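Student: So the protein sequences, as listed, match chains A and B. Residue numbers 447 to 851, in my numbering, belong to the letters of the first sequence in order. Residue numbers 447 to 851, in my numbering, belong to the letters of the second sequence in order.
Hints may contain errors.
Copies of one chain are not kept apart here, so a pair can be met inside one copy or by any two copies together.
Each computed BS3-like pair below joins lysine-lysine, with the alpha-carbon atoms no more than 27 angstroms apart [as the list claims (entries may be wrong)]:
1. K751 to K461
2. K461 to K487
3. K751 to K545
4. K466 to K841
5. K841 to K668
Keep in mind that the hints were calculated from the coordinates and are not lab data. Please read all numbers here as calculations on a predicted model, not as lab measurements.
2 protein chains.
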Amino acid sequence: MRHTCIATYRCYDDKADFQKKALSIAVGLTVGSWTELPEAKKAEMEKHLGQVVQVTEYSASAPGERYADIQIAYPDINFSRDIPALLVTVFGKLSMDGKIKLLDLDFSENFLSAFPGPQFGMKGIREILGIQERPLLMSIFKSVIGHDLDALREQFYQQALGGVDLIKDDEILFENPLTPIEKRVTVCMEAASQAEQHTGKKLLYAVNLTGPTSKLASQARKAIDAGANALLFNVLAYGYDVLHELSSDPTINVPIAAHPAMAGAFYPSPHYGIAAPLLLGKLMRLAGADLALFPSPYGSVVMPKEENMGIKDALLRDLPPIRTSFPVPSAGIHPGLVPLILRDFGQDVVVNAGGGVHGHPQGAAAGGRAFNQAIDATLQGVSLQDYATTHPELKSAIDIWGVKS
Amino acid sequence: MRHTCIATYRCYDDKADFQKKALSIAVGLTVGSWTELPEAKKAEMEKHLGQVVQVTEYSASAPGERYADIQIAYPDINFSRDIPALLVTVFGKLSMDGKIKLLDLDFSENFLSAFPGPQFGMKGIREILGIQERPLLMSIFKSVIGHDLDALREQFYQQALGGVDLIKDDEILFENPLTPIEKRVTVCMEAASQAEQHTGKKLLYAVNLTGPTSKLASQARKAIDAGANALLFNVLAYGYDVLHELSSDPTINVPIAAHPAMAGAFYPSPHYGIAAPLLLGKLMRLAGADLALFPSPYGSVVMPKEENMGIKDALLRDLPPIRTSFPVPSAGIHPGLVPLILRDFGQDVVVNAGGGVHGHPQGAAAGGRAFNQAIDATLQGVSLQDYATTHPELKSAIDIWGVKS
């Protein structure tokens, strides 16, 4: 059994001796100094010493582009079993030491054992909704700020009528006197029941959990008491540990959707920050996200395809006993993209749309139906164009947005 | 009185119409849509609508280098009075929308009123220590991981004997069975008293506050009960709001030093992230950091000088009723740099050293003395070289590290 967590970095430097750099990281971020220690002390300190696992150098294609991928193993004994401790150990000081990006973390079994992971995960969400072997469909409130409860209720109802499986709050809707969380939940869940009489479908409403850190758990319970059956959370604005504590709390017994707000401050630079598959995939799952949102490679707010696939892999790969998290590629999604999304993600994906639902010429309910029709068509191996001949909502959608393949 | 918080962004795009981009931010991150609203609705929504304050375009010096600085005013009414809400509003989704960096935030009076700021601040720390009009001297534990209480006590004692004003834990020392926080505090504060008999100087020991988020406050009280008179906190690994809650807690009545661990994931890229003066200056102060550490422009882990001066300004500028925070430029500091530090920062600075104290040829106590001699010399307008002729500790230090000017 391995007793270390392994960090992988990409380090850019035109001149550095990367082997030496790796060694200085392994020593500097653990025991501090090594060669000058007396032998007796070395024996005692060895279990705390970081180890260079691998250094792979790449030659420069252009000035400033010489880099190496460096793997360092950090003994578990050096840090407590929480994400802040691990991140501060492997990338606290080091993040400020030149052009260096944290690419990946490989947790030890012991470290992992402190994390129950998602309380529901993909399987649990499928069970709640009673939907196996089909992508889920999520829609997002459109304009929310400044709208009152009646307006939100109507927006919710129209979305629910379209047969979506999940509806999420806008992440910028904070606690406010016009639509406080417990009233918002009450009216929206009423609208959900009303819509269910037409659609026959259950749905999850991920209500935005906001406010002071120490009040989040009680705020979540207030929402749950009012009928909330899911939560939305801006993880990076609060820290992974807060998500970990919320998801580990047995009284907060509903799925949590992790929003990627602020993620662009971390992942897009090739030279700095934290790679998207770790930031929005592995760490979100470890911290307990049942659903993990991230920018899709299809829309306006884009992320390169291979990073998207890296996130997907981090959320879905086998990592017992941690449950898998539902991948939710987001932004710029319209029904004409559904074949592409399902080709890239398979069935274990949440198709998530805002403008692609609300912007439908016949309204949000028709927008939801168009998405469901696109999903049905794709699962049946029928082209959207063909399916649209007998499905007017899908036809309207592809008339304005087209079909991508 | 202004009822908006203003965000300034730097946005890179070779082709964009920056005016249009600014307008789309102002609308998109507030009311969502505007031009298509009926007039009656516009009247009702106007108080929620973001406004473009300014767009300053810069022509490209090279491909990919065309940019604009964009200022958007966000109505206070849209978000709650906490840092996560403000950050998610102004840079949640937007952070993922192309090459864009958050440069600055200008808080409204109303927003600011929710933040008591540093409980002690620079003035309070000077009062505790009884030192006015002189830079303070801080030293950092060297190797800590794997060392037992006796070893830490001895390391602490030697540092204290050098006459330093503050000693801080290494930020990677987490709660551990060998040196648990309350025992570490007990033995180190004993060593502080013992050293005080020789130096006649009080000192603050900033002990590292770590562990699960919800237990930090009780962990802090445990440390304080054991005699801790300051705390060190890895703010960015936990979120600004956690610092805000700790610093607002009247039972946590000791100064808090904010460590910049992880900051390099945010500030160094010109195209992405959050600028250092905001990240490590303004937001740390708002959240209540009594001392704010950041990479100095002098040493191995460097930050450009103008960013350092931006941080200094953010920590020290007039912003009533928020107290000022002590600037602590860190990393690579040796006594020969003291004249430079005091020239750049004036007297309101903490000279902070690790290797420059412990690496002194006559040991850590001599290292502290060398720093104090360098400070005395500089305040008296005497060159370090001259002062060193009658001060052997300073002489040894500048013999190995030299003097920078």
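Student: Are the hints correct? Go through all of them and say.
Tutor: Hint-by-hint comparison with the structure:
1. K751 to K461: Intra 31 angstroms, inter 23 angstroms, cutoff 27 angstroms: inter-copy only.
2. K461 to K487: neither (34 angstroms within a copy, 61 angstroms between copies)
3. K751 to K545: both (24 angstroms within a copy, 18 angstroms between copies)
4. K466 to K841: neither (61 angstroms within a copy, 32 angstroms between copies)
5. K841 to K668: neither (42 angstroms within a copy, 65 angstroms between copies)
Of the hints listed earlier, those the structure fails to meet are numbers 2, 4, 5, in rising order.
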